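Q: The lines below spell out each chain.
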Amino acid sequence: MIKIVKYILLDILRNKIVVAYTLFLFAITFCVFSLEDNTEKGLLTLLNLILFIVPLVSIIFSTIYIYNSSEFIELLVSQPIRRKSIWLSLFTGLAGALTLAFIIGAGIPLLIYVRSVTGLMMILNGILISVIFASLAMVAAVRTRDKAKGIGFSILLWLFFSLVYDGFVLFLLFQFSDYPLEKAMIFISALNPIDLGRILILLKMDVSALMGYTGAVFKEFYGTEKGLIVSFSAMILWILLPLLYSLRKFNRKDL
Amino acid sequence: MIEAINISKNFGKLKALNNISIATGAGQSIALVGPNGCGKTTFIKCILGMVVPDSGTIKLKNESIAAGWKYRSMIGYMPQAGRYPDQMKIGQVIEMLKDIRQSASSPDDDLIKAFSLKGLYNKRMGTLSGGTLQKVSASIAFMFDPEVLILDEPTAGLDPVASEALKEKIMAEKQKGKLFLITSHILSELEELASHIVYMQDGVIMLYKTMEALKADTGENKLSRAIAQLMTKPAQ
Amino acid sequence: MKKVSWILCCILLFNGMLKGKTLKVGKGQVIADITSGLKEISAGDTLVVAPGIYREKNLVIDKSIVMTGINHPILDGENTYENVSVKADWVTVDGFSIVNSGISSTTDYAGLKIYNRHNVTISNNILNDCFFGIYAQYCRNCIIKNNRLSAHQVQEQRSGNGIHCWKCDTMQITGNNVSGHRDGIYFEFVTNSIIWRNLSSGNMRYGLHFMFSNHDTYAANVFENNGAGVSVMFSNHVHMFHNTFRENWGDGSYGLLLKEISDSYIDGNIFERNTIGIFMEGGSRIEMYKNTFRGNGWALKIQASCMDITLKNNNFMSNTFDVGTNGSLVLNTFDYNYWDKYEGYDLNRDKTGDVPYRPVSMYSMIVEKNPPAMMLFHSLITTLLDKSEKVIPSLTPENLKDNHPLMKPLQL
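Protein chains in written order, with this note's numbering: chain A, 1 to 255; chain B, 1001 to 1236; chain C, 2001 to 2412.
Excised from the complex, chain A in its bound form (with noise of 0.2 angstroms):
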């Protein structure tokens, strides 16, 4: 297995967009630091281009990359390697290139510009944001032979944990405007890792105190040892069960 990631990862990091991915992130972060002679702020602009560009370029590169693949897996699957490496390593050598792409473009200008504990928590979540991305791309690209509906999917899949879903919690938010909600958001905060990585980061930074009571509440349960274990687990989880998923789907998917 070890092998074919080998060749996996190779292969992705020759290619230009990947390239081109980091070159802009790290563009980006300098541009945001430079600019912007207030770290928090920089932080917070960072923040919000984390949020929407690093799921949406993860998922639709992994996307492309596995159907791109399918000629590499055909080949491989004839060979005598179990199903599963071959999808685990396409997975990691997706998210291993995505993450190394993350760090070279953000994290070593995060490092540089705040080294602090929300730089790193930054870093963390975008890290945790691209392989959760990856993992969802690979079931967006098992479900279909079609190329094109593939990546429909994925982009659908991006819209959704990026917009659909905070649209629905506002909706939610003003129907069930009677009731204390703080505590059920915690909750539903959980369940898109987008949500849970900004909410995170915004806990570690000063501005965290403009989120009021909810702010509070939230403090007070991803503030603790046990909330962040329980926000990871979450973040884990959400790698793990689309991985899952796909890995059960592609063992029984005809080549």
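In short, the hints are calculated from the structure, not lab data.
None of the values given here were measured: they were computed from a predicted structure.
Glycine is no exception: its CB is placed at the ideal position from the N, C-alpha and C atoms.
There is no bait here: all hints are sound.
Pulled from the structure, derived: some chain B residues nowhere near chain A, Cβ distances all over 10 angstroms:
| hint | residue |
| --- | --- |
| 1 | G1037 |
| 2 | K1113 |
| 3 | L1120 |
| 4 | Y1121 |
| 5 | N1122 |
| 6 | L1128 |
Quick list of simulated restraints, FRET-style, between CB atoms:
| hint | chain 1 | residue 1 | chain 2 | residue 2 | range |
| --- | --- | --- | --- | --- | --- |
| 7 | A | R248 | B | N1122 | 33 to 43 angstroms |
| 8 | A | A184 | C | M2307 | 29 to 39 angstroms |
| 9 | B | N1036 | A | R143 | 21 to 31 angstroms |
| 10 | A | K149 | B | D1145 | 37 to 47 angstroms |
Got chain A sorted already, so can you dock chains B and C onto it with the hints?
A: Chains B and C in isolation, oriented as in the chain A frame:
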């Protein structure tokens, strides 16, 4: 050596394989023939584990291949139209497969020499012609000295010289007692290569006989004629 | 010439007669303790206290005298007594270090307390760990100047206010430095007074707590990093000029909390890095000119209960939200302010934007109506909502807008 028991596979409403059973032995060279879409390729892919049958079991050396993967080291497969990553070079593909399979014996480079592929090692797979791709596929299939060789339309697209070289290789390997499973539409070449014949139609095996028996039954001396006779016969 | 020298002689002589005598007490003096010194001395005299530590329970000054300390002699209240009680008019207490007053939940112990007096001057003292610092009740014409007050309690109820004025008139609170108390400066029923050039920082509750106090001015003060900022309530004719409200960051913390204020002026102040720059409730007839709001969470929260508030020529820069409000009724005027979030254009080059600026964002309205929606802070959907609201306003108050947003910030 390969034994299929009650294999069925549906693609949606289409019955690609309908309760197929067959048993083959080592040293046999089986020609798999039938009209387009009769299920030949699906059957081959079932053996390779690329298509998972809905029901039935396939055994290789008396062991079920379901959920197995190691058995594939005993199989060399040459696909109908090999698909390789466009960005990889021929040399890289071959090196990678050598790397992954790591067979004990040194790789069999006969076909690479015969096709003079070494000179093309730096060419990317995406730029290759269909014939060259076939050469690569054939070379890979024979490379690891497998006990079973599955060749799907092996000579399609090959130039006569390459085609001859491949046939010679097949003959040579046959002598070593390997099991061959060959599909082709060029019946004349099957005639030279095959010891047995399997005729499939609409996902069903209509006939499984030795070449001699078939010729005797149909009273035809040439395989193409014997097959033509089968094909025109209305299905029971 | 003769006449002139005669008059001069008279003045000098007269002056010498007016000047009371000076008595030096303390360590190494004939009178070693201050209490005895106070008994000895008569009105108009000066009591000079030598350096040292004095534990004399409660010192009562009931004559019009000047009491000064050399090198800040320490008056220790041993956590039990009120250190100094001023019970006479025309008293000056200058240059002492007043420490460890009593702490009680029933009595307002203070480091120094002025009882119903006028023309008292408290200057250049250092107060450390007193319950209340300087406490004035029913006073007139008093000056509290250049004192340094600090306390280090952790619980709010174990700490009193730094400078506490109750039912006073014409007070001058100038150049003091207050930290670590409950409220830095506390005004209740105080009129015609001025609070000038003080620094109030790191107090537990408010930097300045100001209630039922009319016709007062506070100017050029710095209020920094107090638990809940500054609160000015139930008063009219208050003038707030050139103060700095800074770093009041946290839940329920305001740069300036205004409640039921009318006929007042808020000019030239700086509001920097506060959770809420100004929170205004039930205000009327307030003019706000030339203030700078920079880096606040909300620069200004103006509730619908406010009317006739005029905001003109203010700078709003890098605030998360510029203006928040809770209703659609707006009876206030925003004009000629600079908003860094303004994205309009100025085709006729009159230095004001050609399209109005709406400082209330849709998301801030949503949060106002539904606080848990804060969960969506900095999410894509709220950004999109804000953008779409800018194009077609629907939820934000129709007439809360600046018709002449400035294109460039004012040089303030």
